[in-house]
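Undergrad: Residue-level listing of the chains:
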Amino acid sequence: MSTDELRSSGLDRRQFEPGTVILKEGDHGDEAYVIESGRVEVYCSPGGSKVVIGKLGPGSVPGEMAMIDSAPRMATAVAIDKVTARVIPRAVIERELRKSDVFVRAMLVTLVQNVRLLSAQTVGSGAGPAKPWQGPS
Amino acid sequence: MTIDGGFKLLDRRVFFKGDLLLKEGEEALRAYLIEQGSAEVFRTVGDKRIVIGKRGKGNVLGEMALIDDSKRIASAVALEKTICVVIARAEFERMIIRTSPLMRGLLRVLVTNVRSLDELVTSVGGLRDGAATPDP
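So the sequence lines, in the order shown, correspond to chains U and H.
First residue of the first sequence? That's 33 in the working numbering, and the numbers climb one at a time after it.
First residue of the second sequence? That's 2 in the working numbering, and the numbers climb one at a time after it.
Honestly, I wouldn't trust all of these hints.
Stated by the list, open to error - To give an idea of the chain H side of the interface with chain U (calculated C-beta under 10 Å), a few residues:
(1) Arg13
(2) Ile35
(3) Gly54
(4) Leu62
(5) Ile68
(6) Lys72
As the list claims (entries may be wrong) - Residues on chain U that point at chain H, a partial pick, calculated with CB under 10 Å:
(7) Asp36
(8) Ser81
(9) Val93
(10) Asp133
(11) Asn146
(12) Val147
(13) Leu150
Unchecked claim - Covered stretches of chain U (in silico footprint by chain H; criterion: 3 or more residues with CB under 8 Å from a CB of chain H, positions within the stretch not fixed):
(14) 51 to 62
(15) 134 to 145
If you're looking for bench data, these hints aren't it; they were derived computationally from the structure.
Note that CB positions come from ideal geometry on N, CA and C, so glycine has one too.
Using the sequences and the hints given, assemble the complete structure.
TA: Here's what the structure looks like:
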């Protein structure tokens, strides 16, 4: 997500110290984050073993999917170094979704389904960690 | 999903089993919203058809190339009789302009993630429950 896309959104900033858990797999989250600085490691724990999916940097938006489909978090995200992020509360996303075209909503839902389906396929396939989840920098 | 209010002119198209809705490499001129039926999304690598997704009622097809203005990276074939609302490129662009910057940003981030995952899933031979089959 670019500065331009965040402009006028009036979102609060939050800082996370290294090692802080930002998202927890299985939780019902009420916030998404837009990373402004710092890096975040994303991992799943299928059957208790940690599988790193990737690293996120500035411009990435951890936690966005649960805002769109209300499903539990599919991964855990931990701050690698000091992370500054803008917080997007669920209420903001829901308000914007309601104002959006039917087709825009359908696109968001479809894209989230795709990410969830494809991620489930790659975790444990031996393919990761690779490019996914980096987001635009 | 009900389609009301969002579209002034509803242009629908019917595809029969085996018809191509999207073709890899083509220029993206439209997207589809599936009202009925389903389609399989695949890429062709050599002579193999690698399945990377399925879409059903309420899902959108062909949106990614419109969002990031690129060529189609996958094809889609109707698995049964499938009825879609057609969203032409110009209409799509008007809709995106009306959409808030935050929602546009989310769309872009999600498309980037899906593209990366598509590459990864293609590299391991497609979806596990949809084994690669020879391209006819």
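Undergrad: It remains to establish, for every hint, whether it holds in the given structure.
TA: Here is how each hint holds up against the structure:
no. : hint       : in the structure
1   : Arg13      : violated (14 Å)
2   : Ile35      : holds (9 Å)
3   : Gly54      : holds (6 Å)
4   : Leu62      : holds (8 Å)
5   : Ile68      : holds (8 Å)
6   : Lys72      : violated (18 Å)
7   : Asp36      : holds (7 Å)
8   : Ser81      : violated (19 Å)
9   : Val93      : holds (5 Å)
10  : Asp133     : holds (5 Å)
11  : Asn146     : holds (5 Å)
12  : Val147     : holds (5 Å)
13  : Leu150     : holds (4 Å)
14  : 51 to 62   : violated (count 0)
15  : 134 to 145 : holds (count 11)
Of the numbered hints stated above, those contradicted by the structure are hints 1, 6, 8 and 14, listed in ascending order.
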